[in-house]
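Visitor: Read off the chains here:
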Amino acid sequence: MDWTDAFPVRKSVPWRTLDTEALVVDVKGGLLYPLNSVGARIWDLCDGARSVDEIVGVLAAEFEAPEPTIRADAIEFLERLADAKLVSIERRRKGESR
Amino acid sequence: MFGVAGLGATARAWAEERYGPFLSRRAPTFGVRVRATERYRPGRTPRPSATWAGGRFALASHPSRAHGDLGRRRVDFRAGPGPALNPDLFRLLCSFLLMQKGGVLLHASSVVDEGRAWVFSGPSGSGKTTIAGLAGDRPVLNDETIALRPAPRGWEACATPFYGSGGPSMARTNERAPIRGLCFLRKADHFARRRLSASEAVARAFPEVMLPKRDDRVTTRLLDTLAALVATVPTWELAFKPEPALWSYLDGLD
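So the sequence lines, in the order shown, correspond to chains A and B.
Numbers 2 to 99, taken from our numbering, label the letters of the first sequence in order.
Numbers 237 to 490, taken from our numbering, label the letters of the second sequence in order.
The reader is advised that the hints may include incorrect statements.
[Said to hold, decoys possible] Derived BS3-like pairs (lysine-lysine); straight-line CA-CA distance at most 27 Å: (1) A/Lys12 x A/Lys29; (2) B/Lys423 x B/Lys477; (3) A/Lys86 x A/Lys29; (4) B/Lys449 x A/Lys86; (5) A/Lys12 x B/Lys449; (6) A/Lys29 x B/Lys337; (7) A/Lys29 x B/Lys449; (8) A/Lys86 x A/Lys12; (9) B/Lys449 x B/Lys337.
No lab work stands behind these hints, which were simulated from the structure alone.
Could you build all of it, start to finish, from the sequences and the hints given here?
Guide: Dropping the structure here:
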C-alpha cells in the first residue's frame with residue numbers, strides 16, 4: 002500500500018485508554034485488542050485529521066527511536082489495524098477537507 | 237430484587253429450591269413476568285445476545301429470551317422447555333441489570349477471609365472451584381459466578397445463586413464482603429504472583445464478564461466499569477498449587 006496522502010481514521014468501536022495503554026474491542030469479531038503505549042498513541046492519533054507522515058512526526062518527537070524505524074513500525078501497525086477493520090485509510094491531498 | 241409472576245405450582249417449588257437462600261420478602265425493584273412460550277429451533281444454536289437502546293433491552297439465551305424496560309422496571313421472560321426461570325437467561329438478566337448499576341457479574345469464585353473477599357477469576361479449568369474447595373471454614377460466596385459492585389466504601393463481592401462444578405453447596409450463602417483482591421488464576425506446582433497493570437487487568441477480566449459483548453453500548457459500559465474496578469481493587473495474576481497454604485500466601489499479597 003502507498004502511504005503517501007493516507008489519513009487513518011478510527012472506526013467507531015468501543016475503546017478505552019488506561020494509563021498510557023489502551024484496549025480496543027472488535028465487537029463484530031468478539032475480540033479485544035490490548036495496545037501498548039506506542040500503539041495507544043497511534044490509535045489516539047488516528048482521528049482522520051492527521052496524515053501518516055504527521056503521525057510519524059508526532060511519534061518521533063515523543064519516543065526515542067530513529068524516524069525510519071518509527072515509520073516502518075507505525076505503518077506495519079496501521080496495516081494490522083486496517084486488516085482488522087479497526088481503522089479505515091482515507092486518501093486525500095494535504096489540506097483537502099474530509 | 238425481583239418479583240416473579242407467572243410460575244405454576246411446580247415451577248414455583250423448583251424456583252424456591254433452586255434460589256432458596258436468595259429469596260426475600262422485601263419489596264421487589266423489578267417485576268419479572270415468566271411465560272413458557274419458546275421452543276428449540278432446528279439448526280445452529282444462536283449465540284447468547286444482549287442489546288440495549290433507549291431504555292429498552294433484549295436478551296437471548298437459546299431458546300429462552302427476555303425483553304424489558306428499564307424505566308418501567310419490567311421484564312417479559314419467555315422461557316423454553318425446562319426450568320421456567322431458566323438459570324442461563326436469569327443469570328444473563330442479572331448480569332445486564334447489574335451492569336446498569338455500575339457492577340459486573342464475573343466468572344469467578346470468591347472466599348471471605350477475615351471479613352474481606354478474595355475473588356478468583358479465570359476460564360473454566362483455571363482453578364476457581366478448586367480454590368473454593370480449599371476454603372475450610374471460610375465462607376464461600378460462590379465457585380463460579382460473583383457479583384462485583386461499587387459500594388460507598390469501595391467495591392464489594394456478592395454471592396450469587398449461579399454455582400459451577402462445585403454444585404449447589406457452593407451457592408448456599410447470601411453474603412457480601414468488601415473485596416481484598418482480584419486474582420486471575422493459573423494452576424501450577426508452586427505459588428507465584430504478579431501485579432497486573434490496569435490495562436492487563438481489564439483485558440483479563442473482560443472475557444470473564446458474563447455478558448455477550450457484541451453490542452457497542454454494552455461493551456463500552458463494560459470497559460468503563462472494569463476500568464473503575466481495577467482503579468481501586470488490587471489485581472494479580474496468581475499461580476497456585478491446591479494446598480491450604482494458599483491462604484497464608486495470599487496474606488503476603490497486601
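Visitor: Work down the list of hints and note, for each, if the structure agrees.
Guide: Hint-by-hint comparison with the structure:
no. : hint                : result
1   : A/Lys12 x A/Lys29   : 12 Å, holds
2   : B/Lys423 x B/Lys477 : 6 Å, holds
3   : A/Lys86 x A/Lys29   : 10 Å, holds
4   : B/Lys449 x A/Lys86  : 17 Å, holds
5   : A/Lys12 x B/Lys449  : 17 Å, holds
6   : A/Lys29 x B/Lys337  : 25 Å, holds
7   : A/Lys29 x B/Lys449  : 9 Å, holds
8   : A/Lys86 x A/Lys12   : 8 Å, holds
9   : B/Lys449 x B/Lys337 : 18 Å, holds
Hint check: no violations occur; every hint is consistent with the structure.
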